[in-house]
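2 protein chains.
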Amino acid sequence: MDQLDDMATGAAVLGTGGGGDPYIGKLLAREALRDRPPLTMLSFDELDDDDFVILGGAGGAPTVGVEKLPSGHELVHAFRTLETHFGKKFTAVMSPEAGGINSMIPISLAAAVGLPLVDGDIMGRAFPEIQMAIPTLWGITATPMAMADEKGNAIILDTISNRWTEVMARSLIVQMGAVTHATNFPMTGAQVKQAAISGTMTLIGQIGRAIREAREQHRDPIAAATAITGGHELWRGKIADVDRRTVGGFARGAARIVGTGAYADHTLQLDFQNEFLAARVGDEMLATTPDLITVLDAETGEPITTENLRYGFRVAVLGIPCDPRWRSEGGIALAGPRYFGYDVPYIPVEERLAASPLTR
Amino acid sequence: MDQLDDMATGAAVLGTGGGGDPYIGKLLAREALRDRPPLTMLSFDELDDDDFVILGGAGGAPTVGVEKLPSGHELVHAFRTLETHFGKKFTAVMSPEAGGINSMIPISLAAAVGLPLVDGDIMGRAFPEIQMAIPTLWGITATPMAMADEKGNAIILDTISNRWTEVMARSLIVQMGAVTHATNFPMTGAQVKQAAISGTMTLIGQIGRAIREAREQHRDPIAAATAITGGHELWRGKIADVDRRTVGGFARGAARIVGTGAYADHTLQLDFQNEFLAARVGDEMLATTPDLITVLDAETGEPITTENLRYGFRVAVLGIPCDPRWRSEGGIALAGPRYFGYDVPYIPVEERLAASPLTR
Numbered sequence: 001m002d003q004l005d006d007m008a009t010g011a012a013v014l015g016t017g018g019g020g021d022p023y024i025g026k027l028l029a030r031e032a033l034r035d036r037p038p039l040t041m042l043s044f045d046e047l048d049d050d051d052f053v054i055l056g057g058a059g060g061a062p063t064v065g066v067e068k069l070p071s072g073h074e075l076v077h078a079f080r081t082l083e084t085h086f087g088k089k090f091t092a093v094m095s096p097e098a099g100g101i102n103s104m105i106p107i108s109l110a111a112a113v114g115l116p117l118v119d120g121d122i123m124g125r126a127f128p129e130i131q132m133a134i135p136t137l138w139g140i141t142a143t144p145m146a147m148a149d150e151k152g153n154a155i156i157l158d159t160i161s162n163r164w165t166e167v168m169a170r171s172l173i174v175q176m177g178a179v180t181h182a183t184n185f186p187m188t189g190a191q192v193k194q195a196a197i198s199g200t201m202t203l204i205g206q207i208g209r210a211i212r213e214a215r216e217q218h219r220d221p222i223a224a225a226t227a228i229t230g231g232h233e234l235w236r237g238k239i240a241d242v243d244r245r246t247v248g249g250f251a252r253g254a255a256r257i258v259g260t261g262a263y264a265d266h267t268l269q270l271d272f273q274n275e276f277l278a279a280r281v282g283d284e285m286l287a288t289t290p291d292l293i294t295v296l297d298a299e300t301g302e303p304i305t306t307e308n309l310r311y312g313f314r315v316a317v318l319g320i321p322c323d324p325r326w327r328s329e330g331g332i333a334l335a336g337p338r339y340f341g342y343d344v345p346y347i348p349v350e351e352r353l354a355a356s357p358l359t360r
Numbered sequence: 001m002d003q004l005d006d007m008a009t010g011a012a013v014l015g016t017g018g019g020g021d022p023y024i025g026k027l028l029a030r031e032a033l034r035d036r037p038p039l040t041m042l043s044f045d046e047l048d049d050d051d052f053v054i055l056g057g058a059g060g061a062p063t064v065g066v067e068k069l070p071s072g073h074e075l076v077h078a079f080r081t082l083e084t085h086f087g088k089k090f091t092a093v094m095s096p097e098a099g100g101i102n103s104m105i106p107i108s109l110a111a112a113v114g115l116p117l118v119d120g121d122i123m124g125r126a127f128p129e130i131q132m133a134i135p136t137l138w139g140i141t142a143t144p145m146a147m148a149d150e151k152g153n154a155i156i157l158d159t160i161s162n163r164w165t166e167v168m169a170r171s172l173i174v175q176m177g178a179v180t181h182a183t184n185f186p187m188t189g190a191q192v193k194q195a196a197i198s199g200t201m202t203l204i205g206q207i208g209r210a211i212r213e214a215r216e217q218h219r220d221p222i223a224a225a226t227a228i229t230g231g232h233e234l235w236r237g238k239i240a241d242v243d244r245r246t247v248g249g250f251a252r253g254a255a256r257i258v259g260t261g262a263y264a265d266h267t268l269q270l271d272f273q274n275e276f277l278a279a280r281v282g283d284e285m286l287a288t289t290p291d292l293i294t295v296l297d298a299e300t301g302e303p304i305t306t307e308n309l310r311y312g313f314r315v316a317v318l319g320i321p322c323d324p325r326w327r328s329e330g331g332i333a334l335a336g337p338r339y340f341g342y343d344v345p346y347i348p349v350e351e352r353l354a355a356s357p358l359t360r
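Chains as they are written, first to last, in the numbering used here: chain C, 1 to 360; chain W, 1 to 360.
Think of the hints as simulated: they come from the structure by calculation, not from any bench.
Among the hints, erroneous ones may be present.
[Stated by the list, open to error] Calculated lysine-lysine pairs in the DSS-like style (CA-CA distance at most 27 angstroms, straight line): (1) LYS89/W with LYS89/C; (2) LYS193/C with LYS89/C; (3) LYS151/W with LYS89/W; (4) LYS89/W with LYS88/C; (5) LYS193/W with LYS89/C; (6) LYS193/W with LYS89/W; (7) LYS89/C with LYS151/C; (8) LYS88/W with LYS151/W; (9) LYS88/C with LYS151/C; (10) LYS238/W with LYS88/W; (11) LYS88/W with LYS88/C; (12) LYS88/C with LYS193/C.
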């Protein structure tokens, strides 16, 4: 089933290293679709203003996510818990992020509960924290939100801000074993049209297909990926070192990539907190969040998530401009480099590259 | 209003050092009763089997509780959150523990929401963890449970066991600032009659009055306290040292009490995790949880909670037999010394004292 394979690949490209292993998400989605009627995908145009849309996905440390595999029941449990709490039926499911497992898991949720899937998400990429979502910029709350673990525990959060949701949920994620499943950001159709990103599921399929076709047709899959995403090649090289730890419900660390070819004699450092946050050579930033930084296998164009980074891999690193709403003052405050502790302003990746002596 | 004063004193005696400062609880109760109709107290006999009873109280580290004072709105928020979640009205309020602030707070909750207060609790003392309650022995769950903080955040837990409730709630307490307010153990009237402890509110008033009257009549208030509680004098002495830290949402530590009079030449060590867990002289245990260990001012008979222990205080230490249900195999497994890491069997305090060379 090429379509799910392509979507999983494209999701991992936009997942910017995070969002969990798309392979696992693909298996879940495939399993959920088996012996069920085909999934209905709704474009934003097809949404009614009074539709009641719920987002569903996994949260936690992807390093643990690859070992503690979801059954799919956890997310259905979170969905039912929230529906019961509202005393009202949801009418559609949407993905919380364009990234890895969390673009695939909503497919399995929609299939399992028999609802259509909205063709969109709320980040246009993956981000590590719950408040980092376009609806936050519009004052839309992530709660009521339900979390459920594989043991059968469920929790409903109703907080005063999306930042508090993150604080509470992260603490629970740690107790729930570093990975959990959640339904959140309940929105009307009108709110989705206002504050979500349209066409994500279609886009990830297109990205995956472009990379696959380039590979099949013996063209450069990296060039295909930059073309379809509007991204820029930041680096090519060999992974020399990965420093990774699972702390506070996140996978945190850095990878060092020794340049090859045109990038020889320099080393790129990629920092991550689930997702890649910054790409730098010495003190020079090549790209920072909220722009997307993605690592691809240089040969095949397959995206490599942070938990799968290994010594010796030959990779290309892309910088992809984020959704323009992330470049607003509010967007930069929410997910820009300073939030993550970098004492640098946000400068769009294309401007950084144009000014850099290191890259062409 | 002597009645509330007496109840606060008696609650702190059964609070075994924990349960929070009863003075704060008394002020809250007094404030809530002002300008409201008098509170109705229901005995277990007056409960209908299909009454719907909810427990309400504070949780966290008493060391923080004396600095972060509750407004009372937090607990009403937790109450309303849970009632909305059930879609069903509660018919009565009950205290979660016979201890400090948590015997007084339910009075303020009952007054604020206009419901009768059940004359009982579920521990017959105070305990630091949620699962340590008689209903746990009967398979009655603490959830659905609602927690609310002073900022306006609310959370509903629905877990697979009362131990998991404790794990999740403790982690949230830390995020909520080491003290929070919760409604839990929703029970029918029939369940209350089966698995709760009857007459707690009456008893704490009687204990407080006995101590006060002894003081007023220049009798020994310590003797009055042992008589009314069925307890035993374990120690008299002067506090030499208090080691106390707020960790993991608990107040943990130990106090050393140098013996005076008949106890001279020995030092008693009292360990606590919110509540006193063990009283020992060297390797010899004089009393352990689940029996109650209580510190009283030797002069006035006023109970001293762990966060109020100070160098130089002259105190008497009582050991009070716990409710017989705590002495069952299940009760000892839930709250006996081994649970708290002591490698000793539970031996009832009266048996320990009879066998001790140290005390008469």
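Checked hints:
For a cut-off of 27 angstroms, the pair hint linking LYS89/W to LYS89/C stands: about 23 angstroms separates their Cα positions. For the proposed pair LYS193/C and LYS89/C, the alpha carbon gap of about 20 angstroms is at most 27 angstroms, so the pair holds. Taking the CA atoms of LYS151/W and LYS89/W, the gap is near 25 angstroms; set against the 27 angstroms cutoff, the hint holds. Restraint check for LYS89/W and LYS88/C: the C-alpha separation of about 20 angstroms stays at or below 27 angstroms, so the hint holds.
Annotation: proposed proximity of LYS193/W to LYS89/C is violated, straight-line Cα distance about 38 angstroms (limit 27 angstroms). With a CA separation close to 20 angstroms, the supplied pair LYS193/W and LYS89/W stays within the 27 angstroms bound. Taking the CA atoms of LYS89/C and LYS151/C, the gap is near 25 angstroms; set against the 27 angstroms cutoff, the hint holds. As the CA atoms of LYS88/W and LYS151/W are separated by approximately 26 angstroms, the hinted pair is consistent with the 27 angstroms bound.
Annotation: proposed proximity of LYS88/C to LYS151/C holds, straight-line Cα distance about 26 angstroms (limit 27 angstroms). This hinted pair does not check out: LYS238/W and LYS88/W have alpha carbons roughly 52 angstroms apart, beyond 27 angstroms. At roughly 16 angstroms between alpha-carbon atoms, LYS88/W and LYS88/C fall within 27 angstroms of each other, so this suggested pair holds. With a CA separation close to 21 angstroms, the supplied pair LYS88/C and LYS193/C stays within the 27 angstroms bound.
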